[in-house]
Amino acid sequence: KAGVTQTPRYLIKTRGQQVTLSCSPISGHRSVSWYQQTPGQGLQFLFEYFSETQRNKGNFPGRFSGRQFSNSRSEMNVSTLELGDSALYLCASSPGQGASYEQYFGPGTRLTVT
Amino acid sequence: SQQGEEDPQALSIQEGENATMNCSYKTSINNLQWYRQNSGRGLVHLILIRSNEREKHSGRLRVTLDTSKKSSSLLITASRAADTASYFCATPTSGTYKYIFGTGTRLKVLA
Chain A
1 KAGVTQTPRY LIKTRGQQVT LSCSPISGHR SVSWYQQTPG QGLQFLFEYF SETQRNKGNF
61 PGRFSGRQFS NSRSEMNVST LELGDSALYL CASSPGQGAS YEQYFGPGTR LTVT
Chain B
1001 SQQGEEDPQA LSIQEGENAT MNCSYKTSIN NLQWYRQNSG RGLVHLILIR SNEREKHSGR
1061 LRVTLDTSKK SSSLLITASR AADTASYFCA TPTSGTYKYI FGTGTRLKVL A
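Same order as they appear, the protein sequences are chains A and B. Under my numbering, the first residue of the first sequence carries the number 1, and numbering increases by one thereafter. Under my numbering, the first residue of the second sequence carries the number 1001, and numbering increases by one thereafter.
Rather than coming from a laboratory, the hints here were simulated on the basis of the structure. Just so you know, nobody snuck in bad clues.
Now the stretches of chain B that chain A is said to cover, found in silico as 3 or more residues with beta-carbon under 8 Å:
{"hint": "1", "stretch": "1036-1043"}
{"hint": "2", "stretch": "1099-1109"}
Derived EDC-like pairs: lysine to aspartate or glutamate, alpha-carbon spacing no greater than 20 Å straight-line:
{"hint": "3", "chain 1": "B", "residue 1": "1056", "chain 2": "B", "residue 2": "1083"}
{"hint": "4", "chain 1": "B", "residue 1": "1070", "chain 2": "B", "residue 2": "1053"}
{"hint": "5", "chain 1": "A", "residue 1": "57", "chain 2": "A", "residue 2": "102"}
{"hint": "6", "chain 1": "B", "residue 1": "1098", "chain 2": "A", "residue 2": "75"}
{"hint": "7", "chain 1": "B", "residue 1": "1056", "chain 2": "A", "residue 2": "102"}
{"hint": "8", "chain 1": "B", "residue 1": "1098", "chain 2": "A", "residue 2": "102"}
{"hint": "9", "chain 1": "A", "residue 1": "57", "chain 2": "A", "residue 2": "75"}
{"hint": "10", "chain 1": "B", "residue 1": "1098", "chain 2": "A", "residue 2": "52"}
{"hint": "11", "chain 1": "B", "residue 1": "1108", "chain 2": "B", "residue 2": "1083"}
{"hint": "12", "chain 1": "B", "residue 1": "1108", "chain 2": "B", "residue 2": "1005"}
Glycine included, every Cβ here is placed at the ideal spot set by N, Cα and C.
Please work from the sequences and hints to get the whole structure.
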């Protein structure tokens, strides 16, 4: 099976702009989670979707949003970008909902905000 | 502090030596997972150990879990240069689908 894919891999945006990142999970996986990784804060959970429903959300401002489509593909959107949003954004898919399944990560999208 | 915290933060060893890293967590869990990340790339799942398991092996990896101490350890035996990476433990928060990752241990294996 193909792994988790994320597009784009690299992105440079200007402060105040918005950005949309895409994640295609492993075929058959219905759970998709998003994480932000920065040198200062480490890996932080953004949100998790299962069957097009957001099941959980991390402690991020409302500028961070996401959605999941019927084919389990997911997008996350960040509006009004700030310099501090520069990070590696990782998507992970899982065969089931809940905390008993391992997660399979994509290569990430590296976002730089200038 | 975070649910999962790894110790040490960084570790440098010679090829062929064993590497041990530890993870502590705060709340009760039903499983704990270890992941590896190479130089800013995506994470790779290594092992999942359930709360009713005390030890688990996978190749050169050995994971132990002590729920009474709320701690886990990852042992990599006969390390190789290719094992150079950051290693994270992850625990699910109780009653949610949210995983909390530790701060990671940066392992450097010198050839």
